[in-house]
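Novice: With the hints as your guide, set chain B onto chain A.
Below, each chain spelled out in residue letters.
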Amino acid sequence: RKEVEQDPGPFNVPEGATVAFNCTYSNSASQSFFWYRQDCRKEPKLLMSVYSSGNEDGRFTAQLNRASQYISLLIRDSKLSDSATYLCVVNEKTSYDKVIFGPGTSLSVIP
Amino acid sequence: DAGVIQSPRHEVTEMGQEVTLRCKPISGHNSLFWYRQTMMRGLELLIYFNNNVPIDDSGMPEDRFSAKMPNASFSTLKIQPSEPRDSAVYFCASSLIPQASPLHFGNGTRLTVT
Chain A
1 RKEVEQDPGP FNVPEGATVA FNCTYSNSAS QSFFWYRQDC RKEPKLLMSV
51 YSSGNEDGRF TAQLNRASQY ISLLIRDSKL SDSATYLCVV NEKTSYDKVI
101 FGPGTSLSVI P
Chain B
1 DAGVIQSPRH EVTEMGQEVT LRCKPISGHN SLFWYRQTMM RGLELLIYFN
51 NNVPIDDSGM PEDRFSAKMP NASFSTLKIQ PSEPRDSAVY FCASSLIPQA
101 SPLHFGNGTR LTVT
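Chains A and B, in that order, give the protein sequences. Using our numbering, read the first sequence as starting at 1 and increasing by one per residue. Using our numbering, read the second sequence as starting at 1 and increasing by one per residue.
The reader is advised that the hints may include incorrect statements.
Claimed, not checked - Cβ-to-Cβ under 7 Å is the rule here; a few derived chain B residues that face chain A: (1) Gly42; (2) Leu43; (3) Ile55; (4) Phe91; (5) Pro102; (6) Phe105; (7) Asn107; (8) Gly108.
Rather than coming from a laboratory, the hints here were simulated on the basis of the structure. Every value quoted in this text rests on a predicted model; they were computed, and no experiment measured them. Glycine is no exception: its CB is placed at the ideal position from the N, C-alpha and C atoms.
Here chain A stands alone, though its shape is the one from the complex (with noise of 0.2 Å):
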């Protein structure tokens, strides 16, 4: 089993759509979650931290879900700019601080 696996898309969505993301991970010694956002032929950029009480930042809400081992991204009212791949990251704490980035899922939305 991977480390971090995601939803494997693409999300092919409707402008005002809402769509959501599940990324699951193996490690239940995990301890920080992030999910970032790739556009095409760019670097990953942060988009959002997952908290355990979840958090919301505008149209997205994060929720992450320790006892099942997910993390959750949901945008609401979709915009052509919310075009991109996002990439679940999830921290362990082994004998060091590993950075695990899952493989990404692929979102369109469609005018």
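Specialist: Using the frame of chain A, we list chain B on its own:
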């Protein structure tokens, strides 16, 4: 804040040549990461430094790859000799404390080996 600075942005070289990629992390960050990204394999961690010391180099493909961090403000990734299968985008990222701090990526170096 200038962000993570990588150079060059693009590199085209012939098979067998030495390639050196450079990275300047964000000032004050104590962790530096080198990643490689291809369509087929996605984002792969090559090596991770903490306080200039290599902590995890298990992702370095083979002996042709080497990385150094002589000081807190500079790192290099060297490929010698280069091969066509090394063609990819190489990203450098830095972080203050990985455990609770997100990574900040540079713009990447797009390497093409012919």
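Novice: With a cut-off of 7 Å, does the beta carbon of Pro102 of chain B approach a beta carbon of chain A closely enough for the hint to hold?
Specialist: 4 Å, holds
Novice: Take the shortest C-beta to C-beta distance between Gly108 of chain B and chain A; is it under 7 Å?
Specialist: Nearest chain A Cβ about 5 Å off; hint holds.
Novice: Would you settle whether the hint for Gly42 of chain B is holds or violated, based on the nearest Cβ-Cβ distance to chain A being less than 7 Å?
Specialist: 5 Å, holds
Novice: Have a go at the Phe105 of chain B hint: is there a Cβ in chain A nearer than 7 Å to its own Cβ?
Specialist: Holds: closest Cβ of chain A sits about 4 Å from Phe105 of chain B, inside 7 Å.
Novice: Can the hint on Phe91 of chain B be confirmed by a CB-to-CB distance to chain A that is less than 7 Å?
Specialist: Result: holds, 6 Å to nearest chain A Cβ.
Novice: Restraint: Leu43 of chain B near chain A, CB-CB cut 7 Å. Satisfied or not?
Specialist: At about 5 Å, which falls below the 7 Å cut-off, the nearest Cβ of chain A leaves the hint on Leu43 of chain B intact, so it holds.
Novice: Given Ile55 of chain B as an interface hint, is the shortest Cβ-Cβ distance to chain A below 7 Å?
Specialist: Holds, because the Cβ-Cβ distance from Ile55 of chain B to chain A comes to roughly 5 Å (cut-off 7 Å).
Novice: A closest beta-carbon separation below 7 Å is what the hint needs, so does Asn107 of chain B meet it against chain A?
Specialist: Holds - the Cβ of Asn107 of chain B comes within 7 Å of chain A, reaching about 6 Å at its closest.
In summary, this structure violates none of the numbered hints.
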